[in-house]
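Those protein sequence lines, which keep their order, are chains A and B. Positions 5 to 215 (our numbering) are the ones given, in order, by the first sequence. Positions 32 to 295 (our numbering) are the ones given, in order, by the second sequence.
For the record, the hints were derived by calculation from the structure and aren't laboratory data. If you're wondering where the values come from, they're calculated on a predicted model, not measured in any experiment. A portion of the hints provided could be inaccurate.
Only pairs whose alpha carbons sit at most 27 Å apart, straight line, appear in this in silico DSSO-like list of lysine-lysine [as the list claims (entries may be wrong)]: (1) A/K118 x B/K232; (2) B/K218 x B/K232; (3) B/K293 x B/K134; (4) B/K134 x B/K64; (5) B/K218 x B/K142; (6) A/K114 x B/K134; (7) A/K118 x B/K293; (8) B/K64 x B/K293.
Here is how the chains run, residue by residue.
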Amino acid sequence: MVRWLNDRLRRLPVWAVWLGGLIPLALLVWDTFTGGLGIDPVRDIEFRLGRTALYFLIASLGVTPLLRLSRISLMRFRRALGLLCFTYAVLHVLAWLSMDMGFLWAQMAKDIVKRPYLLFGMTAFLLLLPLALSSNNLSLRRMGAQAWRRLHRLVYLAAPLVALHWIWSLKTFPVEPLLWLAVILALLALRLAVPRPLRRGGLRGSGKEMA
Amino acid sequence: LTGAPSSLSTDQPPNSFEEITNYNNFYEFGTAKEDPARHAANMTTDPWSVEIGGLVERPGSYGVEDIAPENALEERIYRLRCVEAWSMVIPWIGVPLASVLQKAGVQPGAKYVAFETLYRPDEMRGQRYPILDWPYREGLRLDEAMHPLTILATGLYSDPLPNQNGAPIRLVVPWKYGFKSIKSVVKITLTDNQPVCTWQKMQPSEYGFFANVNPEVDHPRWSQATERRIGAGLFGGRQETVRFNGYGDQVASLYAGMDLAKNY
């Protein structure tokens with residue numbers, strides 16, 4: 005069953021993941037131009053972009069635990085998932101500074117250092133930036149697998165910060181962002197609870213990509 | 032409904048009926064802005080009575096028509112500034128709260144007015160969760176309550192107040208953050224000590240008793256320096272928030288000598 009699924013997945017081209025991953029953006033653009041957003045479209049655009057970024061962040065964090073637990077390998081798509089997350093994060097930040105803040109640079113700068121939710125969000129974004137920039141084969145080769153892998157551990161810090169960013173921006177404690185924080189922490193804990201197999205031979209062909 | 036025009040109205044263009052009735056904070060029906068429009072229809076608003084008590088001469092149960100008789104209605108077009116840093120302009124129809132309190136007869140010892148929202152979890156689904164300490168409660172100092180800008184609203188544009196906006200009767204205090212303007216009021220109590228307010232009790236470092244709009248006193252987690260006007264479009268930008276939401280000429284004297292950074 006797992007082998008059958010992995011065979012299928014191997015035949016799925018990476019661009020298909022990109023195409024699927026851009027559907028939420030296409031829907032958002034569609035809603036924006038057809039009046040499908042709510043009374044405050046600025047807030048809806050910001051929320052939907054931020055939310056989608058979080059979903060792809062969680063998806064990319066889920067790849068390794070899924071492999072270790074079930075042997076189902078989505079490793080080939082992890083780079084696309086991470087870059088999709090970053091794409092939505094960039095758009096989220098752009099929407100904030102243009103539509104929400106109206107390019108009030110001074111207020112934005114003051115707010116980022118003063119407001120916990122902005123500090124969490126911006127820190128997470130800055131942590132993801134080097135990961136996106138080094139997400140190509142050339143960087144991987146130049147840095148060496150060890151250093152590259154070490155750098156990309158920054159995501160373990162960025163992910164909980166993203167959830168805190170959401171929680172701290174609200175007036176009360178609704179369940180949803182707390183739930184996502186729990187999911188993130190669970191995915192991180194799984195990495196410790198189910199360690200990487202020492203023998204590479206058990207996963208022929210995909211050992212090199214393990215991280 | 033029609034209300035006599037008032038010189039206290041702003042000449043800024045009001046938001047549309049659709050905007051005002053589909054973008055609400057009324058946590059009794061859920062925390063999303065769309066929840067009140069979606070779920071408030073379940074609330075029974077007729078019959079309705081408001082219990083006026085405490086330090087008053089004529090305590091008792093008052094009907095909406097007693098409190099806001101049709102011939103006393105005024106139109107008040109007010110700016111509304113939410114603590115979340117967005118704003119609207121809303122054409123309310125209602126009566127000055129002072130006229131209602133005078134009807135009940137304020138006793139000399141009264142210093143504050145406490146308000147309470149309906150508590151009816153089977154019709155108000157948000158109340159089934161402990162998001163806030165139900166029922167929602169708010170309060171004003173007596174001079175704030177007697178101020179001519181302070182009204183009890185029963186209408187919006189020419190309609191009776193829609194449920195999601197606090198039907199059948201709600202408070203409107205335009206120089207304070209929106210959460211002070213308590214909705215669907217069932218209880219008004221005159222007291223001699225400062226009443227409990229729901230948000231203040233929940234998070235006193237973030238929400239004060241006065242909650243006057245003030246760009247210089249930030250909410251600890253977000254700035255109050257600017258606001259976004261709902262309906263301004265995708266690139267409408269932000270406008271500067273004005274002290275007392277622009278009603279300083281009328282109300283600043285109420286707070287003469289007070290440190291508003293401490294009494295936020």
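Okay, the hints, checked on the actual structure:
Distance restraint check for A/K118 and B/K232: the Cα-Cα separation of roughly 24 Å lies within the 27 Å cut-off, and the hinted pair is therefore satisfied. Proximity of B/K218 to B/K232 is assessed by CA-CA distance (about 19 Å); at most 27 Å being required, the pair is judged to hold. For a cut-off of 27 Å, the pair hint linking B/K293 to B/K134 is broken: about 34 Å separates their Cα positions. This hinted pair does not check out: B/K134 and B/K64 have alpha carbons roughly 36 Å apart, beyond 27 Å.
Taking the CA atoms of B/K218 and B/K142, the gap is about 17 Å. The hint holds against a cut of 27 Å. Distance check on the hinted pair: A/K114 and B/K134 sit about 49 Å apart at the alpha-carbon level, beyond 27 Å; violated. A hinted pair counts as satisfied when its Cα atoms are at most 27 Å apart, and A/K118 with B/K293 qualifies at roughly 19 Å. Only pairs whose Cα atoms come within 27 Å are accepted, and B/K64 paired with B/K293 is rejected, the gap being roughly 30 Å.
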